[in-house]
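**Q** Okay, here's what each chain looks like letter by letter:
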Amino acid sequence: MKLFAKLRSWLKWIVKRARLETAMEAELRFHIESIAEDLVRSGVSQPEALRRARIQFGGVESHKDAIRASLGLRFWDQLGMDLRYGVRRLAKGPAFTAIALLSLALGIGGNTAIFTLMNQVMLRNLPVRNPEQLVAFGDSEFGGIAGGIDLGALGGYFPWDFTRSLQTDPGPFQGIAAYCSFSNKVSIRPLAASGTANASSPAVLAPASLVSGNYFSVLDARPLLGRTILPSDDATPGSGAVTVLSYHFWQQSLSSDPSILGKSIAINGTPFEVVGVMPQGFLGIKQELQPTDLWTPLSMQTVVLQQPSMLTPHSGLYFLHLFARLSPRATSNRAELARSQNWLNQQIMDGIREREGGTMSADRQLEISRVNVPLVPAAHGVSLIRSQYGASLKILMIVVALVLLIACANLANFLLARAATRKREIATRLALGSSRARIVRQSLIETLLLSLTGGVLGLGIAFAATGVLIGFVSQGNAYIAMDPTPDTTVMLFTLGLSLLTGLLFGLAPALAAARTGAASNLSAGSRTAQSSGGKSARFWPKTLVTVQVMLSLLLLVGSGLFLRTLRNLQNQDYGFERSHLLLAEFDAKLAGYKPSQTPGLHQRLVERLSALPGVRSVALCATPPISGGNWSSSVTIPGYTPAPKENRHSILNRVSGRYFETAGISIVAGRPVNNADDANGQKVAVINQTLARHFFPKGDAVGRSIVIDIDSVKGPWQIVGIARDTKSGNPRDVDPIGMTYIPLAQIDPHLPAVSSTPDATGVVAKTVVLEENQDRFAGMILVRTTGDPAHTIADLRAAVTSVDANLPLLEITTIQDQMSNFMMHDELISSLTSLFSLLALLLAAIGLYGVMSYNVVRRTNEIGIRIALGAQTPAVQWMILSESLLLLTIGVGLGLPLTLLTTKYIKDQLFGLSALDPMTFTVALIVVSAMTLLAAWLPARRATKVDPMVALRCD
Amino acid sequence: MGNRIDLLQGTLDMLILKAVSLGPLHGYGVLLRIRQVSGEQLEIQQGSLYPALYRLEHQGLIASEWGESDNNRKAKFYRLTAAGRRQLHSETERWNRMASLISSILRTTLEEV
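Chains as they are written, first to last, in this note's numbering: chain Y, 419 to 1373; chain H, 98 to 210.
No lab work stands behind these hints, which were simulated from the structure alone. Positions of the beta carbon are idealized from the N, C-alpha and C atoms, including for glycine. Mixed in with the good hints there might be a few duds.
As the list claims (entries may be wrong) - A short, non-exhaustive set of chain H residues, derived as facing chain Y with CB atoms under 10 Å:
1) GLY126
2) ARG130
3) ILE131
4) VAL134
5) TYR147
6) TYR151
7) LEU158
8) TRP163
9) LYS171
10) TRP192
11) ARG194
12) MET195
13) ALA196
Claimed, not checked - Stretch by stretch, here's where chain H covers chain Y in the computed footprint (C-beta under 8 Å, at least three residues):
14) 422–432
15) 483–490
16) 1201–1209
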């Protein structure tokens, strides 16, 4: 209780300070007067009594000071004094203060910017209850539909019936839920109350996700309004037309309508009832760059994806990812976790065996028994961004931390130099009775003032920088899931970093200042070498500069390696023309086209676009020459017996007549697909060199046939030409991959008839209904232009609108932008590390220049004496320069092994060169040496200009 | 004035509490009362009185209010609080115990060891 009373009293006196002072004054005066009265009563005269009373009592001020100390106010007063003094001193040296604040702001700002991104991409938990209990089944980062694989293989893909069985019986898990592995854009129109589409409001394209009925309950995510999707919504395929909206969509496209619940919106033409809105910041379990705007039950798959139903038993289409919530015991107990893992593996093994049916070879049985789909912790969600950018962000974090260290080293050197000029002042203070602790405290407060102000400025810089980085990463997408605004975690990080920085560069000078010996410094101007600080005072600045040189070398080598990686990636042979090409993505299905209408639409598009000025040729295709997602399958060659487990994988593309000339892919044998290959002619295909070499090593591919293992485009197709190999996906992928091109015009209008299966009542259907072939749609327009492709974009839009005003163009890019998308984080990391390493080098050069100049200034007396005694200019220059050369040599000598050791950690980020690439190292060494020599030469020149008479005369 | 015996800080606080327990006093009055009660033997150092008074008030053991002195001049009077009373009691007990302990040690003769 005493402590509490003391605290209350202390606060009271801080607030009512003025009253305290007057009260003390009055009380002490009363005391003196009382003493005087007593003296008067014993016969002393009034003035004499007052005088004696004052002497007896002692100094009023010292009494007051003792009172203030006993109240605990002394510390507070001293703090205030130190702060005011610090501000005055910083204001008196505006140049130093400005440079210091700038370097601190840049250093701290850079760190905060990278940390903001790291926090959002890697560190933040999902906004749900107990996120540590969530696990994903397998590596679920990629989206897509796969066929012909085992359950859970190749990225955690599962078919619908398997996920249903796990949903109903989750075994040791609290719950298992499924979601479609990719979200796709749907067209949305708000509906009026009567249920008819509001014709005046345009359709909005938004990404939608299909999820199982228990998705939200397994995540344990609560809605902001209404309810989430329930298992009852997902019960039967084709029913359950409800949707839950994201906060962003509700805010942006529906203007936060508070009565949205119960209203309907048309998704791809079908009315869905809005049953709930999720809170801000909820993005589902899959963290994508373009976050989902609405969730719908899996049962509505045909409407949302506009594909035939994949919700049939044994469909063979694996398109769902699974995740689960572990039981509380399994989260903490490893044995329990293993039990859950084994249960899952068992279910998968049973599932595979059931699907294979019949007898299996012993090898296959063995293979199945070894199946393991790992449980991946999903507390931060499942994110492709994280795995793509995670390593880059960590590297950038280290780089900016090093830059901050270099900036701190500079500041420490500057402060040490300033401390040297304050020696007289400090000696005086010590002589007057100040404690050393007080001096250290004052010094520290000044540096903390600098670093905290730098931190605040840095926060502003970080906000701007993060905004720019996010803009770069989002590639022009209007809305992505990242936000440059700093949240609490980021601000705490900045505060902590500022404090740490302040201590880092402030502690050493503060301690050095307090170590001053009082007597020797009070004597006026001594001319000994000891007066300039001696060897020990020169130790710290030299060490710091050496460290700066080391770190600059490291950063330069790193940035050199990244730059060359980028160059190597860009200069590869991609197999197609990488200039003068425009790519326009469109989706005719969204505009309501049926597959039977596609030939006419494609014809009109090609004709209209070919007529545009500046266009050399136009082609249509399903995927562009290089693309993140691909349509692929295995292929079969009649007459060729494949070895067991032989790789018969090929990427597929359906193309229009002038594709090869538009894309600039050369044909090495036979002929390309052309306009003559239409529905009436023989089915033809073109394969690439890899496929030809693999299946027809004797070189007789042309004329043979090929069968594609997808029902909708089975074939057989006659091979009429061999195309050059192209890089169709990730530029870092150097493995050759097969490609098969088939003409759009020759794809069958209907899917092959499926043999009738008895329905629920055991009746076999008499009539066979043929389904239209959705694979007849082309998704991409390729335009080869004569001039700059960017100039043709407006004409392209106008032309497409003139063909059909409702046809949505999803995205238009030039081939260069498309390519740079792939190399985006290589571009990002190489440009940022180059920027930072140059900044670091500049800071190190400034630091070296500063230290060397200061050395010359301090040694003015000594240099003056030397010159007076007959030393020649070159000798003096060499004296100064040799010190710098020594620092450079030591810095490089220590820095080189350090760099050699650390570059192997970034080996995975490099492409086409080793982590010990000699050319990069050599160039970096040359740059560092050049900068250092320049920074050292200037002060050396100044040293020679010292006038011995002036130097010897004054202090 | 008698011999000045140097006091430790703890005993000064105790004496002030005792002086104030006998009735509200201003600072000078505390000085006088202690001198008087000790039979002119004990004089408190001027420099330690007021810091001690403010410290005791800071700790909540005494409370102050402004009033009129016998000359009708404004003065600050201190009185004991309930917490102060408890403190005084425990300090007195401790002092007495300590004093009897030490004097019994000092009284031992060679035979009693």
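**Q** Tell me, which hint numbers fail for this structure?
**A** 2, 3, 4, 10, 11, 12, 13 and 16
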